[in-house]
Amino acid sequence: MNKNKEQLLNKRYRAERRFRLYGQSAIFMALLFLTIFIFKIFSTGYTAFQKTWLIVPVNFDAEMMMIDQNPSKEDLQDADYYDIALKSMADLDQNANDDQKNQLKRMVSYFFEKEIKNEILNDPSLIGKTKEVYLTASDDLDQVFKGNYPRDLPEDQRRVSDYQLKIFDQLVAKGKVESKFNISFFTYADSREAELAGIASSFMGSIFSILVCLMIAFPVAVLAAIYLEEFAPKNRFTDFIEVNINNLAAVPSIVFGLLGLGVLLAIFHLPRSTPLVGGITLSLMTLPTIIIAARASLKAVPPSIREAALAMGASRMQTTMHHTVPLSMPGTLSGTIIGLAQALGETAPLILIGMVAFVNTIPGSPMDPAASLPVQIYIWAESAERGFVEKVSACIMVLLGFLIIMNLFAQIIRHKFEKKWS
Amino acid sequence: MAETQHTVKSYEEELKNLNSNIVKMGSACEEALGKAIVAITTRNADHAEEVIKDDEKIDKFESLIEQQVVNLIALRQPMAIDLRETVTALKMSSDLERIGDLAKNISKRSLLLNETLPKKLVDCLIRLSSSVQKQLKTTLDSYLERSASMAIDVWEGDEKIDDLTNECMQEVVKYLKETEKNLSDGTHLLFVTKNIERIGDHTTNVAEQIYFLVKGEYLEGDRPKGSEPIVTGEK
Amino acid sequence: MIKIKAKDVDVFYGKKQALYNISLDIEENQVTALIGPSGCGKSTFLRCLNRMNDVIDICNVKGEILINDFNINDKSCDVVRLREKIGMVFQKPNPFPKTLYENVSYGPTIHGMAQSKQEMDEIVETSLKKAALWEEVKDRLHEPGTGLSGGQQQRLCIARAISVRPEVILMDEPCSALDPIATAQIEELIDELKKEHTIIIVTHSMAQAARVSQNTGFFHLGHLIEHGPTDKIFKNPDNTKTQDYITGRFG
Chain A
1 MNKNKEQLLN KRYRAERRFR LYGQSAIFMA LLFLTIFIFK IFSTGYTAFQ KTWLIVPVNF
61 DAEMMMIDQN PSKEDLQDAD YYDIALKSMA DLDQNANDDQ KNQLKRMVSY FFEKEIKNEI
121 LNDPSLIGKT KEVYLTASDD LDQVFKGNYP RDLPEDQRRV SDYQLKIFDQ LVAKGKVESK
181 FNISFFTYAD SREAELAGIA SSFMGSIFSI LVCLMIAFPV AVLAAIYLEE FAPKNRFTDF
241 IEVNINNLAA VPSIVFGLLG LGVLLAIFHL PRSTPLVGGI TLSLMTLPTI IIAARASLKA
301 VPPSIREAAL AMGASRMQTT MHHTVPLSMP GTLSGTIIGL AQALGETAPL ILIGMVAFVN
361 TIPGSPMDPA ASLPVQIYIW AESAERGFVE KVSACIMVLL GFLIIMNLFA QIIRHKFEKK
421 WS
Chain B
1 MAETQHTVKS YEEELKNLNS NIVKMGSACE EALGKAIVAI TTRNADHAEE VIKDDEKIDK
61 FESLIEQQVV NLIALRQPMA IDLRETVTAL KMSSDLERIG DLAKNISKRS LLLNETLPKK
121 LVDCLIRLSS SVQKQLKTTL DSYLERSASM AIDVWEGDEK IDDLTNECMQ EVVKYLKETE
181 KNLSDGTHLL FVTKNIERIG DHTTNVAEQI YFLVKGEYLE GDRPKGSEPI VTGEK
Chain C
1 MIKIKAKDVD VFYGKKQALY NISLDIEENQ VTALIGPSGC GKSTFLRCLN RMNDVIDICN
61 VKGEILINDF NINDKSCDVV RLREKIGMVF QKPNPFPKTL YENVSYGPTI HGMAQSKQEM
121 DEIVETSLKK AALWEEVKDR LHEPGTGLSG GQQQRLCIAR AISVRPEVIL MDEPCSALDP
181 IATAQIEELI DELKKEHTII IVTHSMAQAA RVSQNTGFFH LGHLIEHGPT DKIFKNPDNT
241 KTQDYITGRF G
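Chains as they are written, first to last, in the working numbering: chain A, 1 to 422; chain B, 1 to 235; chain C, 1 to 251.
Worth flagging that the hints you see were computed from the coordinates, not collected in a lab.
Keep in mind that a hint or two might mislead.
Unchecked claim - One-sided and incomplete, this derived list gives chain B residues near chain C with beta-carbon spacing under 7 Å: (1) THR4; (2) HIS6; (3) ALA45; (4) LEU75; (5) ASP82; (6) GLN133; (7) ALA148; (8) LEU219.
Glycine is no exception: its CB is placed at the ideal position from the N, C-alpha and C atoms.
Based on the sequences and whatever the hints tell you, model everything.
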């Protein structure tokens, strides 16, 4: 009898140990995957925050620029920089033939002309003089400098020619290649050229979409939740609505995209590819999430508080607005943030309403065409150029950073509210 | 006691215990009274000694009941019928203890008597005491049966006791007047008579308590009185 | 004088009847205790008196409840005005998660009882004094009410209830979550309050009912079994059910 008991006891302890082990290994797995994911993203992405520059001497020859010695501002604006730009690149190798000159030109981005122009606009006294100018290296050379480029491939399988590599190596040896923080990644809009592509457009697009989404979804959802929870009679009809809200939360996001396409674009003729339409579509998607969260947090407000207010002679409206809603706010807000975070990461519905279009301008309002961060990731991930690989990871990092900041914000709001209400 | 049981069994038991102690104490008093009467009428010294010895037992019952009542009040906070049970028990025990004392006193006096008593006097005493004994018995029965009507019978029966006491008193006075040597015995007999009457009074008190216990209200009005006793100045 | 007169009150929760034919008179400026086993309907009856049962959709109250000879179950009765006149204190202390001051000033604010900050300060002070809490909290009126001890919280709730000077105060087991000292303080307070208010208290503690009330009503399975002076109920109840309940012989 006693022995049996002891065996049983041991068995129970063993079961407990096993269970703990399962739990610990589950957590370990989760952490492992997370670490691998983050490591992968960071290790491929961190180089995108560096940009390679070639330092090339430029002779600002007035004649070649087709201006006189003392040009006005307008003259400088309209001057021809292409020739001096081309010449500066060609001068890197005195003996280059035409084909090689062409190759030399392709060692920098097609912005080289503009970069030279900016230089002289900043300092007009440079006319007639020679100055070393920082020019953006082409995306392939950028990758070469970062060590991401397979140099040992046969030449015909590479986009960088042996000649270009030779000149580049000479420049490196002379210390004329420099790597600096990649500001243009944050300030430039999208581009077909990896070295010039930035996230400014999609970042602003995301912000505008989220703002539109928040401004529509939050008030509507909170009002709906308050009405359903505090005022609506409990009958079959409200039950039906409740079931449908729950179902709505489970509808695939692409369906909302179709809705946006079919209703907002086709019937209301709202401008395509804009954060306005994107935001409205996303708000439809976020609505049920916020309603569910808001209702849950309204339910969580102890009924004793409601009773206390009612017994004091407060009307239903006063009870709700003075007590229940403020108490439910932290929960509602965190639900909202979760909904917005979901919306922020949403790609499919935005693709359907045209936010996948190539946009090389930075939107100034929700009415301007824009991309969004996840769509940008999608676009870049589709691109063939090697230079976009690191951009994808970098963009993911920005998106994650965005989400972390949002969550932090939510936490701060929550904390502040809770301090006040408890 | 009510038919339904208490949810807390130990409480139920404590009340039952208290109840049975009252009953035991009551029967001890009944026995003491009976023996005391026999002792005085038949001059049986053995009985007298027994009564004197057993009074200690009655006293112990009283203090035991007192403790039980205090415990019940402190620990159980009795309400309604239980409260009346408890309070009644306390008051009954003190009346019963007095009855025990008086029986003891009668027995002591029986040992001090010298002469044989005239038959008429003895008969009178026997009539008085048997009627008091009957009263006490009825009272204890009414307690056992929680009968208010029996308690009222006792209450009303006190009148008869008073009358019988007066008769006895007159006989004793007559006995005293007979000769001077009767002085000592006669005085004792006066006290014996008075004590028996006092026992009747205490019995009536107990009956009143029982009425309160059963009905929850007090017996209204004055207790029926027979003719005033002539010898004592009391009442 | 009779303050509240209930006549043949029936209460239904959906199809289930919770109260049967309750007729009960409640005396002004006295404490009436309602006792009975759990689920006997005493709280339901209490909540009929300020129509808190309205909150429950399926709850249906029939019969007349006259307060100052006015039937509160009448359609013309305004619930908000009614609850201004009839305050309530609940089983669990439920101060608003706001400051002490805001807790007490809430009622006067929504009913527009104070014209100025100074008047409001006075109302808060007198209410807290009447609730015997002023001395303990006067230096921290602007701290959250939820930071007080259980007994203090319950007295805060009483202060909140009396801040609108109700005629009747309903108390639903106000001491069930409190320790004996806090309970004694509340009981003393009830004794004080009955000078100005009519008090109806639901309690599970018979000893408490005996201590604080002048009248007691015993509910059982939705019926009012017995109602009368408290000393009578506790010394010599008429009904055997009442006796069985108060002596602990139930079930």
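Hints, verified against the model:
Residue-level restraint check for B/THR4 holds (minimum Cβ-Cβ distance to chain C is 4 Å; threshold 7 Å). Hint status for B/HIS6: holds, given a least beta-carbon distance of 5 Å to chain C, under 7 Å. Checking B/ALA45 against chain C: minimum C-beta separation of about 49 Å lies over 7 Å; hint violated. For B/LEU75, the suggested interface contact is broken, since its CB lies about 13 Å from the closest CB of chain C, more than 7 Å.
Interface hint status for B/ASP82: upheld, as the beta-carbon distance to the closest one in chain C is roughly 5 Å, under 7 Å. For the restraint placing B/GLN133 at the interface with chain C, the shortest Cβ-Cβ distance is roughly 32 Å, beyond the 7 Å limit, so the hint is violated. Against a cut-off of 7 Å between C-beta atoms, the interface hint on B/ALA148 is violated, since the closest Cβ of chain C lies about 13 Å away. The criterion of a C-beta within 7 Å of any C-beta in chain C is not met by B/LEU219, whose closest approach is roughly 14 Å, and the hint is violated.
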